[in-house]
Each structure stands twice: as C-alpha cells, then as structure tokens.
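Q: Each of the two chains sits in its own frame; use the hints to bring them together as a complex.
Line by line, the protein sequences give chains Y and B. Note that the working numbering has the first sequence beginning at 51, numbered continuously upward. Note that the working numbering has the second sequence beginning at -12, numbered continuously upward.
Hint data in this document are derived by calculation from the structure and do not stem from the laboratory. Keep in mind that a hint or two might mislead.
[Said to hold, decoys possible] To spell it out: a stretch of chain B is covered by chain Y in this simulated footprint if at least three of its residues, at any positions, have a beta carbon under 8 Å from a beta carbon of chain Y; those stretches are:
#, segment
1, 85 to 94
2, 104 to 110
3, 117 to 126
4, 138 to 146
[As the list claims (entries may be wrong)] Each pair of labels, with its calculated beta carbon distance range:
#, chain 1, residue 1, chain 2, residue 2, range
5, B, Gln80, Y, Pro258, 45 to 51 Å
6, Y, Glu343, B, Gln80, 32 to 38 Å
7, Y, Gly151, B, Met147, 24 to 30 Å
8, Y, Ile78, B, Val175, 58 to 64 Å
9, Y, Asp179, B, Gln80, 19 to 25 Å
10, Y, Asp179, B, Glu(-9), 40 to 46 Å
11, B, Glu186, Y, Leu83, 57 to 63 Å
12, Y, Glu260, B, Trp43, 32 to 38 Å
13, Y, Ala248, B, Gly12, 58 to 64 Å
14, Y, Ala312, B, Pro171, 52 to 58 Å
15, B, Met176, Y, Ala312, 46 to 52 Å
16, B, Met176, Y, Ala125, 42 to 48 Å
Don't be surprised by glycine CBs; every beta carbon is placed ideally from N, CA and C.
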Amino acid sequence: MRCVSYELCAEKLKARLTKIMAALTVDITKAKLQSESIRNGLGRGLLEAGKQNKNVVAVTADLTESTNISLFAKAFPERFIQVGVSEQNLVTVGSGLAAFGKIPFVSSYAAFNPGRNWEQIRTTICLNDRPVKIVGSHTGISVGPDGATHQMLEDIALMRALPNMVVLAPCDSVEAEKATLAMATDLRPNYIRLARDATPIITLPDTPFEIGKAIVFVEGFDVTIIATGTMVYHALLAAERLKHHHISAEVINVSTVKPLDAETIITSVKKTRAVVTAEEAQINGGLGGVIAELLAERCPTIMRRIGMKDHFGESGKPNELLKHFGLDADHIVLAAQELIDRKG
Amino acid sequence: MTVEELELKADTIRQDIIKMLEHAGSGHSAGSLGLADIFTALYFDILKHDPKNPDWNERDILILSNGHTVPVRYAAMARAGYFPVEELMTLRQLGSRLQGHPERVRLPGLETTSGPLGCGLSQACGIALAMRMDNITHRWIYVVMSDGELDEGNVWEAAMLANKYRLGNIIAIVDRNNIQLDGPTEIVMPLEDLKAKWESFGWYVIEIDGNNIPEVIHACALGRSIVDKPVIIIAHTIPGKGVDYMEFDYRWHGTPPGLADIAGMPPKAEQAKIALRELRTLRGKIESEAD
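Chain B on its own, in the form it takes in the complex (with noise of 0.2 Å):
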C-alpha cells in the first residue's frame, strides 16, 4: 500500500471508530482514535499475519495491553479481512465477539485477554523466552501500550525482565498522549523523563510521531534491527485524533461521541455527525493532495 492508501484507511478505520462508540453509547475515543495510524501500519504494512489463518504459526504476535483502546483494533481487523465489518456494530453488546475489553476466547487473532493495564509487557516476555526456547529468531512480538499504563508497576517488572534475558525480538509501542483518566499524565502522575527512564531499564528506545504512518513503519524497521536488546517507540500521539473537538482533551478519554455533557463541546446528538464530516473532509484532503 503506498502512504496515501495507508492514509485514507486509517480514516476508514476512525470513521469506524466513531460509528461504533456511538452505536454502542460507551467506549473510549480519544486514545482509540490516536492509535488509529500505529494499528493501520500494524496491520497493513508491518505484521505478517493471515486474517484467514488467525493462528497461523509463522505470525507476528501483536499485544494490545491497554485494552481500552480495542476500538481501533477491531476496525483494523475487520478492514484487514479478520470478520465482516458489519460486526463491528455489535460492539459491546450481549454475545457479541467484540467485547467492551478484548478477549481473546471469544474473538481468533485477538493474541490476549486484556482491559486491567501493565500485564501486555510481561505476557510479550513470557512469549519471547517460549520463543528463544523453541530456537525461533525470525518472528517479532509488538506490545501496544498506552503511556498513563506506565504507571503500573508491572510494566516495570517486566522491563527489567526483557532486559536481563535481552529479548530482541520485542518491540513495544507506547502511545504518549499525554492524557489518562484523570487529566493529563505528568499531573496524575509525572512519566518525564520517558525516554531515560526506559535506556536506563537498559532498552534501546525510538521517538517518533506516532500519527505520521512512515515515521511508524520506518521505527518498525529499525526496531527489528535491533536484535541484543528489547526495542520501545515512544510514539507522540494527539488523542482523538481527527475530531477537532476531541482533539488533546483528556475528557473524551472514556467518553464515546453522542453521550459527553461536556462544557463547550457539540451538543450531544451532533456530536457524531460532526466528527464523521470531519473525518470526510480530512480523506478528501488526502485524496486531493495525492492527485
């Protein structure tokens, strides 16, 4: 795909973002929607993988830890093949595949159980030594992390973890958004220096812009060059990406468009459709800047 069709699907896959969380009447936006270019590099340019043959054994292994954000994997998954995108409307609903958080019994391709945060990185470790034990060098483990799950100390242990037993067929995602639950992350609770702090946990650390889909697969590359220790991106994202409104706001963190009484936003039953015609009018400055 070249980066203008990587483009336009990633604006696919927020359209259908939106579409979902409004539908469903909960859900998180805002780091849903910044993941939205990472997980459109992911699936249709960095991973090997089979949407027909989910647990086909020469696959990248992809590990969403802060599974909040599953939103945009689902629409990933269904716009790669994985299921039909007609069910991504039954997200969150009863005996639907596609639950509030991922899981990964009821829904092939889905690699873990996940939603309570800090376990992704860990699970990656366990993999890779079941890798290293097996003799298998050639495949990568990615672990998609959202940056207020640092502070989980988990995450901790298992950098410590990677580091020890150099698993250099790891590489990590964090998408720094700057927000979390609460507000933003360095008042919650500070995470600066990021990068530091993940070189002195002995890992090789990217900074990149995390919504410049080149930049995403270029860190990929790199990442996999790096094979005597464990690999993070720090990817800089802007959270809900693509909806003016939703744009850097850490309220729209847990919040689904169509339900916020949030002060000087949309009202509520516009909210939706404003953030679809945004969206449209970003693919048609897509379109025209690749003509």
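Here chain Y stands alone, though its shape is the one from the complex (with noise of 0.2 Å):
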C-alpha cells in the first residue's frame, strides 16, 4: 500500500497548503475566528434570492425566527405563508405551490422536516418531482440543551434514500448563502440541513460553491478526512494537529451529500489509501454510510466513521456534547493515527 510520508513531501506540502488555505478557507489557526448560525445565511440567501425571482416564496410551521426566515417575511409578506404547527401541511402545501410554478421553501426544525413529514416529502415531492425546497434546522446534538428530541440525527439517512432528492449540508453560514441560492435556481427537490449553534466561518466569500461539488479544502497524503456540515471544521482542526505527528491529511468538505461527488473521493482516496469520515448525524445511513458504500464498490479502504454510533443525544451544551459523543477534532486525531498505525 502506497504511504507517502510527511519527511518526504514536507516542503511541496507546505507550499500547497499556504495556497490552497489562501485560496478555500480562512486561516483557521488564527486565535480569534468570527462563528455564526448556518441558518443565519440561509436567511440571507433566501432574501437574495426573493430580490432576484418573483416566483421564490416561503412557507413556516410556527417557526419564523428560529428557522430564520424572518428576513424574508418583512421583505416579502404577500410571499410569505404562516401553516402553524402543521408539518404533514407544510410540504404538501409546498407541493401545490411548486404544481403552480413557485419555488417554495418550506422551512421548519429538520426533527419535523423531514422527520414527521417524511412521506408526504415522497409521494408529493420526489415521486411526483415537485421542486420544493426542504429546510431543516436544527440538526445535530449541538442543538444542545433542548435535548435528544430536538437534535436531528437521521435527517442524512432519510432522505438520501429518496430518489429524486438533493441533500446538501453547508459548512457554515457563508457557505449556507451560496448553497440557497443554487437551491432556488436548481429545479429538483431539495433538503438543506442546518444547525443552531454558532459555527466558525472558514469558507470566504469566493469560495467556490456547486451544487454536486465536493471541494478539497486541504490537500494532504497520508489520510483523507471527509467532513460535512459543522464537522468540516474540527477536519480541518484536526488536520492542523496532525500535522505536529508528522501525518499529512487532506480535508474534503462534503456540502452535497447527494448527488455525492464520487470523483473527487475516490481520487484523494487513491493517493491517500485511508479515510476518515465526520458528521454530526447518525453515522449508520449518514456521511460515514454514504462513504462507505461508495469505497466499498469502487475503492475498497480502512476507514472510520466519527458521528453518532446508533444512538441518540442528550441534553447539555453543545461543546460538551460533542465532546462527550466523540464528534470533535480530538476523536478525528485518533481515528485517523489509527489508521496510519495499520497502514504501518
């Protein structure tokens, strides 16, 4: 097995590094990095995407602010649809408005969206190929202190599994503005999962975003981390420790998890010969499920899958939830010096 060590290829590495983080991500060892909620640019790129096209309109079960479709709201009243605490409604709405040539987005906490309504997204959306846009929030235990009911964890595995669907996990905020306004131009159904808590900003403005696209944001050699969603960030933490191990990792941030970017993984995979994978989600249907299977077909590899093991969270702040749960840069370090162990 080919194993690139990081005596070897130090230098070129370092240099590559220096442009590709130039290029993709801030500098994420400065001391202070500005967080927001990704939902938070969700809300901005909806209002965005009101401006540019009459047809965008906004659906909510009784969730405004927290789902952050206010912006819109004010902006756009006669666009705007308030169905009260009533999910199954809510999509099946959205369906009837997509049937009319709007394109709505239907935006509720994901652990209702998709999570109550998960047929009613089947039958009206995908089978009958309806563009509506599914926004869920809160997902992941970083929801924290609202407790295992509201932290959506099985939101990847469900509706990855419908045909038809686009299920995109943004990184952060910025990233989240961009990935909503391709959602308005894309004519497919799509799911966008969004998280409360605040998130590090560490993708800059002309960050390249594409829907389908997964994007190297590290290149490295000796093991490939791929991360979506709030976990792209502790990848690129834990790239940084590895560097002091003398192990060179390469980060591939996955904002589409479907259509999954299959050249771009099997292409680091090839070079790197070991993957991580990190997801705040279920990990069995998740990321680490997505990934698996695809390396199992066509590249077969040592892996790891950092994210929920099949269980639920609990209440508590999100840091040390995420600790406790092993979904931080710490459990990705390990993961990952273990595989280089076994590469030997």
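A: So this is what it looks like as structure tokens:
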C-alpha cells in the first residue's frame, strides 16, 4: 500500500497548503475565528433569492424566527405563508405551490421536517417531481439543551434514500447563503440541513460552491478526512494537529451529500489509502454510510466513521455534547492515527 | 350534453372500470364505481379543460386525493379524449402510464401523484395560494377525497389553512360512501357529524346525492358562487354503484371483479360478466326512459 511520508513531502505540502488555504478557507490557526449560526446564511440567501425571482416563496410551521426566514417574511409578506404547527401540511402545501410554478422554501426544525412528514415528501414532492426546497434547521447534537427530541441526527439517512432528492449540508453560514441561492435555481427537490449553534466561519465569500461538487479544502497524502456540515471545521482543526504528528491529512468538504461527488473522493482516497468521515449525524445511513458504500464498491479502503453511533443525544451544552459523543477534532485525530498505524 | 347523455357516459365509464379491473387482476372497485357519476359530471360538464392540451394554462385543476379510485379518472379521461380507450387495458401493467395509483409524471393531465391519503387538500391550498399571488381569480380547484381519508390529520391541517386564507376557489368533494377498507366508516372511525365538523372549520358545506349527475353539476355551480370561503360538497354515494352484488358492501373496497372469494357473491368466473350485464341493463333503462 502506498503511503507517502510527511518528511518526503514536507516542503511541497507546505507550499500547496498555503496556497489552498489562502484560496478556499480562512486561516483557522488564527486566534479568533468569527462564528455565526449556519441558518443565518439561509436567511440572507433566501432574502436575496426572493429579490432575484418573484416566484420564490417561503412557508413555515410556526418557526419564522428560529429557522431564520424572518428576513424574507418582512421583505415579502405577500409571498410568506404561515401554516401553524402542521408539518405534514407544510410540505404538501409546498408541493401545491410548486405545481403552480412557485419555488417554495418550506422550513421547520429538521426533527419534524423531514422527520415527521417524510411520506408526504416522498409522494407529493419526490415521486411527483416538484422542486420544493425543504429547510431543516436544528440538526446535530449541537442543538444542545433542548435534548434528544430536537437533535435531528437521522435526516441524512432519511433524505438520501429518496430518488430525485438533493441533500445539502453547508459547513458554515457563508456556504449556506450560496447553497440557498443555488437551490432557488435548481429544478429538483432539495433538502438543506442547518445547525442552530454558532459555527466558525471557515469559507470565504469567493470560495466556490456548486451543488454536486465536493471541494478539497486541504491537500494531504496520508489520510483523507471527509466531513460535512459543522464537522468540516473540526476536520480542519484535526488536520492542523495531525501535522504535529507528521501526518499529512487531506480535508474534503462534502456540502452535497447527494448526488455525491464520487470522483473527487475516489481521487483523494486512491492517493491516501485511509479515510476518516466526520458528521453531526447518525453514521448509519449518514455521510459515513455514504462513503463506506462508495468505497466498498469502487475503492476498498480502511476507514473510521466519526459521528453518532446508533444512539440518541441528550441535553447539555453544545461543546460538552460534541466532546461527550466523540464528535470533535481530537477524535478525528485519534481515528487518523489509528489508520496510519494500520497502514504501517 | 343532456342529462341522459351524461348518464350513458357514466354507464360506459362503469363498464370500462369493470373491464380494466378484471383485466388488471387487482384494484379498487367500490369507490371507482361509486364516483363514476361525479367524474362524468366533472369531465363532461363542470371542468374547463382541453384533453388535447392537458397543460392549458386556463384550465381548472382537478386533484384526485384518494388515488386508489383512479380507474374512474382514467376511464373518464380516455372517454374525454386524453388518450386512446384501448390504453385503459394496460392498467397496473409494467411500463404502463396507468399506474395502480396515479403518477403525474407518467400521464399528462393527472395534476398530482396520489395514493397515500390526506395530501390532496393541502396541495389544493398551495395551488390556491399561488393563484392568489399571481392575481388569478377565474380558475377553480376541485379536490376529490374519500370519506375514510378524512381519518388523516393532514386533511384537517389543510382545512384550517384554507379557512385562514379564505381560499374561495377550492371546491372539495367528499365521496361519502360510508365504507373503508376495514369496514363501515362509523365503526372503523366515526366521522359524524361530518357537516358540523366542516362548518366549524369555516367551510361552506353542500350535501347532495353524489350519484345524481344534475345534483353534482348544480352543487359545483353553487360552490363557484361562494367566493369568500372554501366549499365542500358531501356527496352521498353508493359504493359499487351499478353492480348489485357490490353495492354497499365494504368487502369490494379493494377487490376487483373476478378475484373475490367472498361469501354470498357470484362465482369468480362470473363476477365481471354479471357486472357488465347489469350495467348494460341499466344502460337500456336510461335509453328507454329518455325516449
């Protein structure tokens, strides 16, 4: 098995890292990164999409403020629909709006949307092929004190199983804004998963975003860390720490879980021959499952999956919970080291 | 079309349904037959539509929410000229546009995909809200639902929303045939007082005999004149209407003629034949009454 050691590549790597980091992400080693909830990006993106296209409408189920579509609601009250606490109604009304040429963004907490209304999404949106934009906020255990009922972890598994559905999970508010604008012009049903807690802003205004494209944020040679959503920041932190152990990690941001950018991932994995996935979701059926399926068929590779391992969360502070459940940079570092040891 | 012509059309559609279901070897008989008069009235009198241009942007919208009764819609569409009548015999077969439950993307003119119950009224609300945003007031949205379907919470979520936004261009039609898959509705899950329920949700309620075509046409005309609130027509129908051994019997809800080993029913090989014979007799009666 090919494994290029850090020493051999140190100079080349350093040069490339500097270049890549300057181009695609902010320097996360800086003392203070700006943080913002990912859903704020959705709010700004939706407002802009509403300005660009009068057919963009917003529907919510009693969660205007907390899903951050209040900016849109204030700017375009005639294009804002409040359905009350009725998530099944939320998506089926969305299907009807789309049937008449609208581009509806239907928003609620992900535990209910798509957690509660999955069958309606399956039949009236996916099978019916209507371009409804499903916004699920409050995903992951970093939802925190509200506890397990509101910490949506199964949404990736639920949504990626649906034919026709596009599944997006932006890594910060800047990327969420771009993703929202891209959704407004995409003709397919889309799902976007958002997080509640403030997340470090790691991408730049000109970092590219395209539905269906994964981006290598950091180039490396010894291990590929494939992350989505809030865990991309932890993956970047882990790559920095691994440097101190003379391990060169490649970090890929998978902001589109489906359709998956298989080529970017296979290209990286053929080079590194070791994979760690990282997500704030159930690894069974989540990103970990997605990558395991891909690699088992096309490029069998040793891998470790960081994420929720077939159990529910609980109340606590976001950072406490991430640490408690092993969803942080330290656990990514340990997993990477273990794989490097196995490669020998 | 005259009333007699419409009644003959409904009889033809019923015969189509029997032939389709027997040929398919599965499907829902009772509701499809019971709705034949309503679908005849819709496609041949009430709806503004163009079979040669199913996407015509001035058309009325017809949503079939209880998708399991789609054989009646397929037959009405074929007879109206949407597609060749011979295609009806492809129902439920591999590669057919006539899926067991309707799929919009396969067959132009269906408006939506349905089968899982309780979703049609919400979609009508979405369409009505979109029409309002576009300042369209002259197009109507008809939604056909079953009574068993009203067990679904999603229906009542939509009922509240339509009242909140005063969606006056929605006309819902409930096929009140008093049966569902497991038995009589009032035993499986009591719905009464149905009229009072809808009225308390802010709807204008009209009750009719849903097997009487002039009553269906009149109720829809009345419904179109009520513009300040959504309208629901509770259409009392006979499940299995036109086939004596099927009428009022919940066991024919999800069973096709030719397949049912049901106590007291004609032998399987005779079921479709007897049904068609009765419908032809009915046809003769309509014709002789018209003379």
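Q: All hints are to be evaluated individually against the structure, with a verdict given for each.
A: Against the structure, the hints:
A stretch counts as covered by a chain when three or more of its residues have a beta carbon under 8 Å from one of that chain; for the segment 85 to 94 of chain B and chain Y the count is 3, and the coverage holds. Using a Cβ-Cβ cut-off of 8 Å, 4 residues of the segment 104 to 110 of chain B lie near chain Y, which meets the minimum of three, so the contact claim holds. With 4 residues having a Cβ less than 8 Å from any Cβ of chain Y, the segment 117 to 126 of chain B passes the three-residue criterion, so the hint holds. With a threshold of 8 Å between beta carbons, the proposed coverage of the segment 138 to 146 of chain B by chain Y holds, since 4 of its residues qualify and at least three are required.
Hint check: B/Gln80 to Y/Pro258, Cβ distance near 47 Å, so the stated range 45 to 51 Å holds. Range check, Y/Glu343 to B/Gln80: Cβ separation about 33 Å, and the 32 to 38 Å hint holds. For the hinted restraint 24 to 30 Å between Y/Gly151 and B/Met147, the CB-CB distance of approximately 25 Å keeps it satisfied. As the Cβ distance of Y/Ile78 to B/Val175 is approximately 60 Å, the hint placing it in 58 to 64 Å holds.
A hinted range of 19 to 25 Å holds for the C-beta pair Y/Asp179 and B/Gln80, which are about 22 Å apart. At roughly 41 Å, the beta carbons of Y/Asp179 and B/Glu(-9) sit within the given window of 40 to 46 Å. The hint said 57 to 63 Å for the Cβ distance between B/Glu186 and Y/Leu83, and at roughly 58 Å that hint holds. Evaluation of the 32 to 38 Å hint for Y/Glu260 and B/Trp43 yields a pass: the beta carbon distance comes to about 37 Å.
For the pair Y/Ala248 and B/Gly12, the supplied restraint of 58 to 64 Å holds, since their beta-carbon distance comes to about 60 Å. Checked against the hint of 52 to 58 Å, the pair Y/Ala312 and B/Pro171 passes, with Cβ atoms roughly 54 Å apart. The given range of 46 to 52 Å is respected by B/Met176 and Y/Ala312, whose C-beta atoms sit roughly 48 Å from each other. A hinted range of 42 to 48 Å holds for the C-beta pair B/Met176 and Y/Ala125, which are about 44 Å apart.
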